[in-house]
Structure formats: C-alpha cells, structure tokens
Amino acid sequence: MSQLLPVLLLSLFVILFGSALLFLASRIGAKGKPNSVKEETYECGIPAETSGPTKIPIKFYLTAILFILFDIEIIFMYPWALTYGDFISGGYGIYIFSAMAFFIAVFIFGLFWEVKSKALEWE
Amino acid sequence: MLWDAIGFYGMALFLIFFALKTITVPNPIHAALYLVLTMIGLAGMFFNLGAHFIAGVQMIVYAGAVMVLFVMVLMLFDLKAEIRSFSRGLLSGALKIMSSALLVGFALGSAGSSVAILDSSDTAPTQIDVTRQLGVLLYTKYLFAFEVLGILLLVVAVGVVAVSRMKGGTHAQH
Amino acid sequence: MGTDAFEFTINFVKMVAIFLMMVQIVPLLVWVERRGSAYIQNRFGPNRVGPLGLTQLLADAVKFLTKEEFVPGRGYPFIYYAAPVVAMIPATLALAAIPLSAPFHVEPFEMFGRNWGPYTFMFQGYDFGIGIVFVLGVSSLAAYALLLAGYGSNNKYSMYGALRASAQTISYELAMGLSIVGVILLFNTFSFTDIVNAQSAPLNFMWFGKKVVVEWLPNWGLIYQPLGAVILFAAMFAEANRLPFDLPEAEGELVAGYHTEYAGFKFNMFFIGEYGHMFVASALMVIFYFGGYTIYPWLTPETAPQIMGKLLGVTSATWMSFWGSILLHLVLMAKVVAFLWIFIQVRWTLPRFRYDQLMDLGWRSMLPWALFNTVITAIVVLLMRYQWGA
Amino acid sequence: MPSTETILNVGLTHYLALSAVIFSFGMIAVLMRKNVIVMLMGVELMLNAVNLSFIAFAKESGNLSGHIMVFFVMTIAAAEAGVGLALAVAIYKKFHEVNIRFFEHLRG
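Chains as they are written, first to last, in the working numbering: chain A, 2 to 124; chain B, 7 to 180; chain C, 163 to 552; chain D, 1366 to 1473.
Please keep in mind that the hints were generated in silico from the structure rather than gathered at the bench. Please read all numbers here as calculations on a predicted model, not as lab measurements. Among these hints, one or two may not hold up.
What the hints assert, rightly or not - Each pair of labels, with its calculated beta carbon distance range: (1) D/S1430 x C/K472: 52 to 58 Å; (2) A/K119 x B/F112: 48 to 54 Å; (3) C/F534 x A/S12: 47 to 53 Å; (4) C/G279 x A/S90: 33 to 39 Å; (5) A/S12 x C/V499: 48 to 54 Å; (6) C/P388 x A/E122: 53 to 59 Å; (7) D/H1461 x A/E122: 25 to 31 Å; (8) A/K32 x B/F23: 33 to 39 Å; (9) C/I504 x A/A106: 33 to 39 Å; (10) B/F23 x A/E122: 17 to 23 Å; (11) B/L101 x D/H1461: 29 to 35 Å; (12) C/L389 x A/E122: 23 to 29 Å.
What the hints assert, rightly or not - Below, a list of computed lysine to aspartate or glutamate pairs in the EDC-like style, where the Cα atoms sit at most 16 Å apart: (13) A/K119 x C/E231; (14) A/K32 x C/E230; (15) A/K34 x C/E230; (16) A/K32 x C/D166; (17) A/K34 x C/E231; (18) A/K60 x C/E230; (19) A/K60 x C/D289; (20) D/K1399 x D/E1469; (21) D/K1399 x D/E1445; (22) A/K117 x C/D289; (23) C/K176 x C/E272; (24) A/K119 x C/E230; (25) A/K34 x A/E122.
For each residue, glycine too, the CB sits at the ideal point set by N, CA and C.
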C-alpha cells in the first residue's frame, strides 16, 4: 500500500489545485446576471431546436470495438518482448519467435481482413 | 501492519462504495463513470497484491479501452435517466435479493473458513521478476491457450463487423 | 514512501516539486509557443508586459480568474466542472513515473543528534519497475476528460468534438503501443532507468553471436529503431491533440470542439493537460531513442558527479552526487526542449488533416508499419543474438 | 465477533470477502436492472471480482498461474463486452430501446 501512496498524493494535489482554482474563479470572477438566452445551448447564433445532442454518427463505436481487440493483442506482446532476450540466451530463440510468429500472423490476417472489408473506412 | 490494514480498508470502502453506486444510479452514463472508478480501484488492489503488470493491463484494457467503449456507446444512445431503472415485480424482486444475499453469505462463509485451509504463508513470489516469470509461464505452459486467444480475438473482430453489417445493423447498406 | 522522517520529507518535497513543474510548464510553453509562432509568421507576439513579454502569462492568469463564471443551462454541472480537473491528472501521473535524472546518493550524516542515511533518491516520483506499462496505463485515461467535457456541456459541437477526439486518441494509441514493443525487444526491460543506463554506453551489439563495439557512437535507441521513433513521435502528436491532428477542435467545423462551452481557468486547465502530454511525449522520445539524461562519451551517471565536483569545487560525495544529478537533469531538459520546439514548429507549419485521412493514416498506414517494425526487430534480434556456434 | 488480530492482519480472507461482495453487486445488477448496458456492466463487475480472488490466491500460494488466468479472463471479458455492445447497438438502432423487457418480444 505504501508504494501507491505517492500516486494517491499526486492525484490529490492535482484535484485540490483544480478545485481551489475553480472555487477562486467563481469567487473573484465577474458576476453576470443569469439570463435564459445566455444559458441556452450554443448553436452558432441560431435558436437551439433540440436539447442536447441528437444524431451522432454511430460508426465511432466500431472503431472503439476494433481498438479494444487490437489493443489486447498488443498487450500480449509486452511480456513476450520482455522475455525475448532471456529465451534467446537460453537457447529457445526459434521456439519463442515461432510462438509469436503465429500470433502475429493471426493479427496481420485480422488487420488485413478489416481493411479489405472496409470496416475502417471513413467517407 | 496497522498501516497496511488502514490502506486495505480504505481502498475496500472506496471499491464497495463505487460498485454500489454503479448498480444503483439511474443514469447509465453515471453508472459507467462509477464503474471506471471501480476499475481503477481494482487496479490499485492488484498492484497492492504484487501483480504490477496485471494492474497495468487492468488500467490499459479495462479503464482505458472497455470502459471508454461503454461511455461512448451510452453517449451515442443519449439515454436520459430512467425513472424505473429496476425491474418490477415484488415477489421476483424479493427472490432475486434473497438469492444474492444467500450467495454473499455462502461466499463470505467459505472465505472465512478458508483461513483454516490456507494459512497466511510467506511464499509470495519475489517482487522483482514477477512480470518476467509471468512472460515465461505464458509462452511455455500456457502457449496453446495464448494462441487460441489470438484466434478468438480474430473471430470476435470479424463477428463484430458482421453484426454491424447485417440487416438492421449499424452499418447496413441502405 | 520512506523509512524515516528525512526520507519521507525529501520524497514529499519531490512530489510537490513534480507537481509544480507540471503546472509551471504551461505558462512557459504558452509564452514560447506565442513568441515562436510570431517569429515563424514574422510578427512580434506578446512583447508589452514585462521584459520580452514574459509576464504576459501573469496578466493572462489574472484575466482568467476574473472571467465570468458560466455553466451551460442544459449541462450537467458536476461533470462539467470535473472534466478540466480530470484532464490534468493523466499527464501529471505519467510525468512522475519518468526519471528526470540519475538517482543521487546521500552518505550517512548526523543531524539533530542522531545518525541518518545512507539514502538513494530517485529523480522521479515513483519507480514501480513497470515504468512503460504504468505510463501507458495512466495516459490511456486521457480519453475520459474529453468525453466528460463533451457530455457535461451537453452541446452537439462539444459532443462531436469529444467523440472525435477520443476516437482519434484510442486509434493512435495502437500505433504508439506497438512502436514501443520494438524498444522493449531491444532493451528487454520495462524500466526507464535501465533503458537510459543501457544507452549511456558506446554503441555495442551482437553481430551473429559476436559482440561488436563502436567506440565513437553512443548506444542510442534511434540507431536501432529509426522507424519506431518516427511512428512513436507521430502518434504522440495525435495523443496530445496537436496540429496536424487537432481535428477535435477544428474551428471550421466544430466551433472549438469539446471545449466550446469552457472559458477562463477551466479552459486553461485543459491546456495544462495538453502541454503536459507534450512534455511527457518529448521526455519519452528522449528516453527511448536519444539517450535520456546522458550524452555518452562526456556525460554519464559516472562522470557527471566528477565534472560538477571540479566545476563547483565541492568534495563531499553527497553534494557531488547531487550536483551531478542536477547537471544530468539539465541535459535531459535541453533534449526535451528541442522536442518541444519541434512540436511548436510543426503546429505552425503543417496544415490540418481531414478526419477520414486522419483515421486512415492511423489504422491503415501507421499500424501496419508499426507491426512491420516489430516483426523486423524480432527477426534481427533473433539472428544477431542467436548462439550460432553453440 | 472476530478478534482485533483477525481484523488487522489483512490476508487472503479479507480479499476473498471483498471479492464476494463485489461479485454479488454485479449479480444484483444483472438480475434487477432493466437497461441491457448496465447489465453488461454488472457482468464486468462479476468478472473483476473473480479476477481479484485469482490474484489474492496467486499471492497466497506463490503460484503465478493466477495472474495468467486473470490475463485470459480480461481478454475474454473485453471480447464479450465488444460483442454484447455490438448487439445492443444494433437493436437500439432499429427499435430505439434498451430495456431488457422489450427484448422478450423480438421475433426472428
């Protein structure tokens, strides 16, 4: 637990600093009169028709899902890269390379398929 | 030891509070944000238990990827807070709560009795090379599972694209 | 955080110093950016307040503080206020995990009638031994500040900006993570300190099982990983939402992206986060590819204390070590500043991408190239280190 | 009532108890919430509770297989979340509904 203390401390500093500034700004800042037009959603000058966001292109989510899948494959390469040297000096270089070569081949095939199927296309 | 205990209980309270918030707040986006905090807390717990690399993976995969996807999808849906966010039915509700309570009881009971079986030993893996050992283990003993997971991820990627392409899917051709 | 009062105090002071550094980077960088852009565009830039316009930033801070407080009527006030604070956290936590100089040693000494020491203090907030994974994990949280800002202001431009920004950040995170695999393959460690130490030697590598040493070149990662360095640097631009990847705040289409509804100090806090990301990115580039805080033949963790000892005339081992670390810290800062200047120069030179071009670049050219880099590195490392004779 | 010694000496039991509590929270979310996406979050919560117990056991027994299992569980969980959300988004896009009750009326 004591190892994590500095991380907590630093986050606490940032949060305190941020909230102190927000508080200070709300105290010192000019006091405007509340006004229904001012608090309206910003629409470049035209009257806001709907409240908040309406139609947002849903293709963002496909990008996010593919990101997760590829991200995990990349994470799997981290321990591999860390132990690669040890395996080679232990005489198992070919073994560890081919173990990963298969995985990377699957990765490349997946990426190739995604590109081919135009799942990554933005018009 | 006292400080360890204080740290553990502080973190455990943090976790339980945010997990409880996750399942009770009516607005799904707020639930997702509380779940992010729960995930970060769990990463801290993993770290505390000596699983440094796993804690990092928890941050990258869960807090940084899966939960971003949840928040993004909820923002796309633009859901407002639900007035009745829990399912109805007095009897079934009571039954569900009771079964959950029973589960907690069983789990806590078995956890309590585990002290007798697994007494606190000092055979914890040495801190320095846990990640290296993990790598060696992953690419020797668990090599098959690892390769199969690679294929599983490929299948999921193809499946996700197929689901979004199918009739009525999100990317269906009009 | 420490075993006794002295160590605890020093570590606490260190944390405060890192935090202050993070906060102070911004005014300085904003000044450099404004003067630099003016220089590039043949203007003067801020030059009225103070010498060279240096106190312009103080004036800006006062202006920020006296701005009218404003919450969009249909927004979610708590989330709206939380977003700028959250924006500062990832960069600060990542910065604290990066070693900014060699550790310095304190010999045993006597104070307040008891004996203290010996100690070794890192020039970084914390070292968990999984440095790279920690930095990646923490900086993957950066997407939340954008999403919170977009959701909290409840405005369609903000929402679009937030979605674009987070989709862009996560897309380039892939190329970034993959290009770092090459570095780990090379040095076989997650620890930044080990990577820097490996680079403070003459160029040495295995050539089909035989060791080759080139005395006149430093052992910098750039020599082994030029492609990885380029990919990482480009991905860093996208991570920090800087031009040419600043689509989230493309004025022509989205007003100001996710900070459309933000003003005053809240807006400034997003900037602290952005410049913090720039700083962390530059520090990572320097540590992975440019020898970190060392310059091989002259300045290494071994030689720096001697040089400073001669220069300042101090003989105590503690102070020599301390000043040596400070010297190495200045070396790191000089390299980092060079990279920060590239960030600024690029911003005022290149035009912006279109959004589809940006996603294309991330997924269809940088990711495959990063993959190619990983495979080639793995093959070359295998061929070179394989025991051919045995 | 457990003794002070048991309370202060944080060990495997404490982590298992915490894991059990979080698991049951996830279960309650799956059983009682109506929103499909919140139910998916409940599943994530349950998987994470299991991960916590894996890591606690790994530390207690000095065996790193627990870490590897957690790694695998995370992979599966992410894949599951991806597919689950893809289906939820596809249904939402068509019917503008995420209520689990509504899903009962879907016909091929």
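Verification of the supplied hints:
1. At roughly 55 Å, the beta carbons of D/S1430 and C/K472 sit within the given window of 52 to 58 Å.
2. Remark: the range hint 48 to 54 Å for A/K119 to B/F112 is upheld by a beta-carbon distance near 51 Å.
3. Distance hint for C/F534 and A/S12: a CB-CB separation of about 38 Å, inconsistent with the stated range 47 to 53 Å.
4. The beta-carbon spacing between C/G279 and A/S90, approximately 38 Å, falls within the hinted interval of 33 to 39 Å.
5. A beta carbon spacing of about 27 Å between A/S12 and C/V499 contradicts the range 48 to 54 Å that was offered as a hint.
6. Remark: the range hint 53 to 59 Å for C/P388 to A/E122 is contradicted by a beta-carbon distance near 30 Å.
7. The given range of 25 to 31 Å is respected by D/H1461 and A/E122, whose C-beta atoms sit roughly 26 Å from each other.
8. Distance hint check for A/K32 and B/F23: the Cβ-Cβ separation is about 36 Å, which falls inside the suggested range of 33 to 39 Å.
9. As the Cβ distance of C/I504 to A/A106 is approximately 36 Å, the hint placing it in 33 to 39 Å holds.
10. Checked against the hint of 17 to 23 Å, the pair B/F23 and A/E122 fails, with Cβ atoms roughly 44 Å apart.
11. Checked against the hint of 29 to 35 Å, the C-beta distance between B/L101 and D/H1461 comes to roughly 31 Å, which is consistent with it.
12. A hinted range of 23 to 29 Å holds for the C-beta pair C/L389 and A/E122, which are about 26 Å apart.
13. The hinted pair formed by A/K119 and C/E231 fails the criterion: a straight-line CA distance of about 46 Å is larger than 16 Å.
14. Among the hinted pairs, A/K32 with C/E230 is consistent with the structure: their alpha-carbon atoms are about 6 Å apart, no more than 16 Å.
15. For the hint pairing A/K34 with C/E230, the CA-to-CA distance comes to about 10 Å; that is within 16 Å, so the pair holds.
16. Straight-line distance between C-alpha atoms of A/K32 and C/D166 comes to about 49 Å, which puts the hinted pair past the 16 Å bound.
17. Straight-line distance between C-alpha atoms of A/K34 and C/E231 comes to about 10 Å, which keeps the hinted pair within the 16 Å bound.
18. Straight-line distance between C-alpha atoms of A/K60 and C/E230 comes to about 38 Å, which puts the hinted pair past the 16 Å bound.
19. For the hint linking A/K60 to C/D289, the alpha-carbon distance of about 40 Å lies beyond 16 Å, and the restraint is violated.
20. The hinted pair formed by D/K1399 and D/E1469 meets the criterion: a straight-line CA distance of about 12 Å does not exceed 16 Å.
21. Taking the CA atoms of D/K1399 and D/E1445, the gap is near 19 Å; set against the 16 Å cutoff, the hint is violated.
22. Distance check on the hinted pair: A/K117 and C/D289 sit about 43 Å apart at the alpha-carbon level, beyond 16 Å; violated.
23. Between the alpha carbons of C/K176 and C/E272 the distance comes to roughly 22 Å, so the proposed pair goes past 16 Å and is violated.
24. With a C-alpha separation of about 48 Å, the suggested pairing of A/K119 with C/E230 is violated against the 16 Å cut-off.
25. Simply put, A/K34 and A/E122 have alpha-carbon atoms about 48 Å apart, too far for the 16 Å limit, and the pair is violated.
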